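Asker: Sequence:
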Amino acid sequence: MLDVRRLRLLRDLARLGTIAAVADAHTYTPSAVSQQLAALQREAGVALLERAGRRLTLTPTGEALVRHTEVVLAALEAADATLAAARGGLSGTVRIGAYPSAVRTVLLPALVTLARDHPALDLMVTELDPVHVPAALRERRLDVALVHDYDIVPVEPDPALDSTPLLDETVFLALPATDEPQGDPLRSVRDADWIVGSQGTLCHSLALHACELAGFRPTVRHHADDFTAMLALVAAGQGVGLVPRLAVEQPPVGVRLAPLGIRRRTRIAYRRGAGDHPAVNACVMALRSALPAVP
Numbered sequence: 003m004l005d006v007r008r009l010r011l012l013r014d015l016a017r018l019g020t021i022a023a024v025a026d027a028h029t030y031t032p033s034a035v036s037q038q039l040a041a042l043q044r045e046a047g048v049a050l051l052e053r054a055g056r057r058l059t060l061t062p063t064g065e066a067l068v069r070h071t072e073v074v075l076a077a078l079e080a081a082d083a084t085l086a087a088a089r090g091g092l093s094g095t096v097r098i099g100a101y102p103s104a105v106r107t108v109l110l111p112a113l114v115t116l117a118r119d120h121p122a123l124d125l126m127v128t129e130l131d132p133v134h135v136p137a138a139l140r141e142r143r144l145d146v147a148l149v150h151d152y153d154i155v156p157v158e159p160d161p162a163l164d165s166t167p168l169l170d171e172t173v174f175l176a177l178p179a180t181d182e183p184q185g186d187p188l189r190s191v192r193d194a195d196w197i198v199g200s201q202g203t204l205c206h207s208l209a210l211h212a213c214e215l216a217g218f219r220p221t222v223r224h225h226a227d228d229f230t231a232m233l234a235l236v237a238a239g240q241g242v243g244l245v246p247r248l249a250v251e252q253p254p255v256g257v258r259l260a261p262l263g264i265r266r267r268t269r270i271a272y273r274r275g276a277g278d279h280p281a282v283n284a285c286v287m288a289l290r291s292a293l294p295a296v297p
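Numbering (the numbering used here), first residue to last: 3 to 297.
Simulated restraints, written as ranges between beta carbons of each label pair:
| hint | residue 1 | residue 2 | range |
| --- | --- | --- | --- |
| 1 | Asp153 | Gly239 | 28 to 34 Å |
| 2 | Pro102 | Ala122 | 26 to 32 Å |
| 3 | Pro294 | Glu182 | 25 to 31 Å |
| 4 | His224 | Pro261 | 18 to 24 Å |
Keep in mind the hints are simulated off the structure, nothing from the lab.
Nothing here was measured: the structure is a model prediction, and the numbers come from that model.
We treat Cβ as the ideally placed atom computed from N, Cα and C, and that holds for glycine.
Using the sequences and the hints, build the whole thing.
Answerer: Here it is in structure tokens:
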């Protein structure tokens, strides 16, 4: 019988690409990871890994085994969910991740509901960018998380995760109140300075792709990952930026918002197979009940 812990290491090698990265994710030494993978290969009786220069890569059999591993891990999550339901009652730690604009608008009222209805749950919240959520869920640093993408910058589904839709919202162009967009709002600011998210974030990708679709490459002047900071820069005449509806409950003085035909899509994510876990179900229900009326 193959060892599940070793299968997980193989899966993570396929995802992360190096022994060192796998070791860091599991707080092992690289030597320990190499030894465990070598033991897994002996158990399998066929080659799972091969050298490509100085790196280890998976053979076709190794890649096939990774696909089976995702099924195995999902089945284990489902088994854990069945046992949790059979035990009855909700208790223990639930680690919830969310991006900043969702923390104050959606997650806070959901936490109040969960604390009231399930007082034995120990709720722990982590604020993080959605690009970091898949790894945090796979590595069990989170149990439930809010993730998002944009209709013009979709994110490929992660085979280790399941999710359910929560919210679609409008994205706005934020510009100084003294500016009056003519025609297409984005094309009207093609010569403006831009305020975008840090490189590697979805917000950064959104701004660049939206401008490309409008026929120009933006002149990036400032980087801001906090929408409040971005709006303050816009109000100070430092440029323009893109903000979703949740980030602008009340736009600051000096800022004009022009709605765009772009939507941000938020989903509730969890490990594949964990959807029937009572704690996950409770979080999903609380988040949906806390959902504000967002156009």
